[in-house]
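Asks: One-letter residues, chain by chain:
Protein chains: 2
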Amino acid sequence: MPSVRLFRQWARAGSLVLCSAILAFGTAQASEDHLRSWKDGPTKKAIVEFVKTTTDKASPNFVPPGERVATFDNDGTLWSEQPMYVQALFAFDRVKALAPQHPEWRTQEPFASVLKGDLKGALAGGEKALLEIMMTTHAGMTTDEFQQIVKDWISTARNPVTKRPVLEMVYQPMVELLAYLRAHGYKTFIVSGGGIEFMRPWAEQAYGVPPEQVVGSSIRTKFELRDGKGLLVRLPELNFIDDREGKPVGINQHIGHRPIAAFGNSDGDRQMLEYATTGSGPRLGMLLLHDDAEREFAYGPANGLPDSHVGTFTQALYDEAKQRGWFVISMRDDWKQVFPSSKEQTAR
Amino acid sequence: MPSVRLFRQWARAGSLVLCSAILAFGTAQASEDHLRSWKDGPTKKAIVEFVKTTTDKASPNFVPPGERVATFDNDGTLWSEQPMYVQALFAFDRVKALAPQHPEWRTQEPFASVLKGDLKGALAGGEKALLEIMMTTHAGMTTDEFQQIVKDWISTARNPVTKRPVLEMVYQPMVELLAYLRAHGYKTFIVSGGGIEFMRPWAEQAYGVPPEQVVGSSIRTKFELRDGKGLLVRLPELNFIDDREGKPVGINQHIGHRPIAAFGNSDGDRQMLEYATTGSGPRLGMLLLHDDAEREFAYGPANGLPDSHVGTFTQALYDEAKQRGWFVISMRDDWKQVFPSSKEQTAR
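Chains A and B, in that order, give the protein sequences.
Position 239 of the first sequence, counted from 1, bears residue number 708 in my numbering, the numbering being contiguous throughout.
Position 82 of the second sequence, counted from 1, bears residue number 551 in my numbering, the numbering being contiguous throughout.
Just so you know, these hints were derived from the structure itself, not from any lab.
These numbers were taken from a predicted model, which means no experiment stands behind them.
Treat the hints with care, as some may be off.
Any copy will do: because identical chains look the same in the list, a pair fits if it lies in one copy or spans two.
Claimed, not checked - The list that follows gives simulated cross-link-like pairs (lysine to any residue, SDA-like), each with its CA atoms no further than 25 Å apart:
(1) LYS698 x VAL532
(2) LYS791 x THR522
(3) LYS791 x PRO511
(4) LYS585 x ARG575
(5) LYS656 x PRO534
(6) LYS698 x PRO751
(7) LYS698 x GLN616
(8) LYS691 x LEU600
(9) LYS656 x ARG713
(10) LYS805 x PHE519
(11) LYS698 x ARG793
One chain only, chain A, in its complex shape (with noise of 0.2 Å):
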């Protein structure tokens, strides 16, 4: 594996597109300019539309800047997650790293599947045997120290099919966006059912995002003091899965406002968008389909793509859109550019 210097050697090359455009239109006057990996069409009209009419003084939508407020899932949304959620691959990995420790998981499930690499019999025991490869790998520790573990992982994992770094499989257009929304005055969240911890290490170099905008799900964590100094150590008990009707919830437990606008591409946002699509006055509510196998991955099974078990995107959501009124934003044939690299094929 790679190491950290390697990661840092690579921060400060700024080579990669995604630091600097996160500054660039962190700063940058806003303007639909910003949208440049997005194609022109009816999805990137329907966003500068909304961002005008709320933003326009003279507008009868005009929102105020405090009520502002855009949520974004993670997983499939703002980053790739096929072949499945990095958050799992992280936790793989720490099996393996915590295995010398354990001799004992050789012979025990889930662990000894996941040490042969077999991940179909890692998941067999299905979300009991998941559960336990979590607790055994995010607890445990203080929450500085996980947070250590997550950035010095993060800064080496690659995706297993593309052998991209996993940093440079966010989406462009997304971060983009995010950008773009920030510019004119909007607070972003991420709201995913990923790990709060997982995501906060990295999400504000990712996304422009940071730390107290991150909502997920959590373990419990309890106050000690060592040797007079206070930390947190995290205990092997689920505390909140902000996942489907726990995304609305999350939202009011950590933002206090209905966002005005939403955006996720699973069942698991469904009840995110309700929520934040039927507060009154403006509201905006986005999907992304996964209908591009050529640039990243084909999935639904919305749409007769074939079926994931991995962030999917059922018909029955792709009609509820339909119905309220909410874009399905097609990566095929509404981005220009999927990942922030310089080698993507595609002209921009």
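Fit chain B to the given chain A structure using the hints.
Replies: Same frame as chain A, now just chain B:
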């Protein structure tokens, strides 16, 4: 009771120093003149020097803006908590408002005592009785409805001893301190044992702290669709107690940073200050001592002051403050002015 209309007039008229102070301080060039209600002395000096050393790029103690996180307790730190917590007054008023729908309360404790105005009797049942009052008055409605109930109530609520509006019993020096920190790139958060949804409807007006920067205790909520519209129903079940050991936990959950400065006034804030002040780099911890019977209230029992069951500041906490280098703010000696009213006797 005064009407909502009166509140609107009062808010519009701008007669409240508070509102204009927030606006002025939030936008003006930052300088220590902002702390005009603070007397010159070691406490004010410590604040100004801490802000200087953490925001001067040439200083070895420079802290980047994203890490400039300051947390404030609410009751007894930002506004008066005597003769009892404002939220308890709210709960008792709600019992009275709901009584016509609950004829059984006339004979059922703790409600019967509340309805007779016998607060000692109401609290005779201890925590269990208080919890019953809270759940009955704080649950059963939607979050939107509860927000409106709080807004309506707080616009007319008065302190039972001073008869002043509770919103005019915020501490002017602390409002100035919040604005002073924000003007220097700090993010200011409220971290209170009080209810998160009780504070959010007025915290921005009173302190310049938006809903997403308020952390507090909470009950559970549940997402529902009613006639196709998404809403959250407040359930009579505790979710989280943001007090004592809970404060660092709440800070980590909501903010995801260890604060570099923390402000409190009672034993409930001990762990928050321990957590904030034992990280690496520059740290500031301050506790407000209510030693001013003339202008507000005097209670401890620290420093020989009268004992109080509301907002207890024990001698043990006082001793820990001295040992850890936390500053104790003397309301009597450090503040020129306590409340934002122009009626204040004290010279400015």
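Asks: Could you run down the list of hints and mark each one as holding or not?
Replies: Hint by hint, here is what the structure shows:
With identical chains, the CA atoms of LYS698 and VAL532 are at most 25 Å apart between copies only, with a shortest distance of 20 Å across copies and 45 Å within one. In this assembly of identical chains, the alpha carbons of LYS791 and THR522 lie at most 25 Å apart only when taken from the same copy (22 Å versus 55 Å across copies). With identical chains, the CA atoms of LYS791 and PRO511 are at most 25 Å apart within one copy only, with a shortest distance of 14 Å there and 64 Å across copies. Proximity of LYS585 to ARG575 under the C-alpha cut-off of 25 Å is restricted to the intra-copy arrangement: shortest distance 9 Å within a copy versus 68 Å between copies.
Proximity of LYS656 and PRO534 under a CA criterion of 25 Å is satisfied in both settings, with 8 Å inside one chain copy and 17 Å between copies. In the homo-oligomer, the alpha carbons of LYS698 and PRO751 lie at most 25 Å apart only across protomers (15 Å), although the nearest pairing inside one protomer, at 48 Å, exceeds that limit. For the homomeric pair LYS698 and GLN616, the shortest alpha-carbon distance inside one copy (18 Å) is at most 25 Å, but the shortest distance between copies (38 Å) is not. In this homomeric assembly, LYS691 and LEU600 come within 25 Å of each other (Cα to Cα) both inside a single copy, at 20 Å, and across copies, at 24 Å.
Proximity of LYS656 and ARG713 under a CA criterion of 25 Å is satisfied intra-copy only: 22 Å inside one chain copy versus 30 Å between copies. For the homomeric pair LYS805 and PHE519, the shortest alpha-carbon distance inside one copy (21 Å) is at most 25 Å, but the shortest distance between copies (49 Å) is not. Within a single copy, LYS698 and ARG793 get their C-alpha atoms only as close as 52 Å, which misses the 25 Å cut-off; across copies the closest is 11 Å, which meets it.
Comparing the model with each earlier hint shows no violations; every hint is respected.
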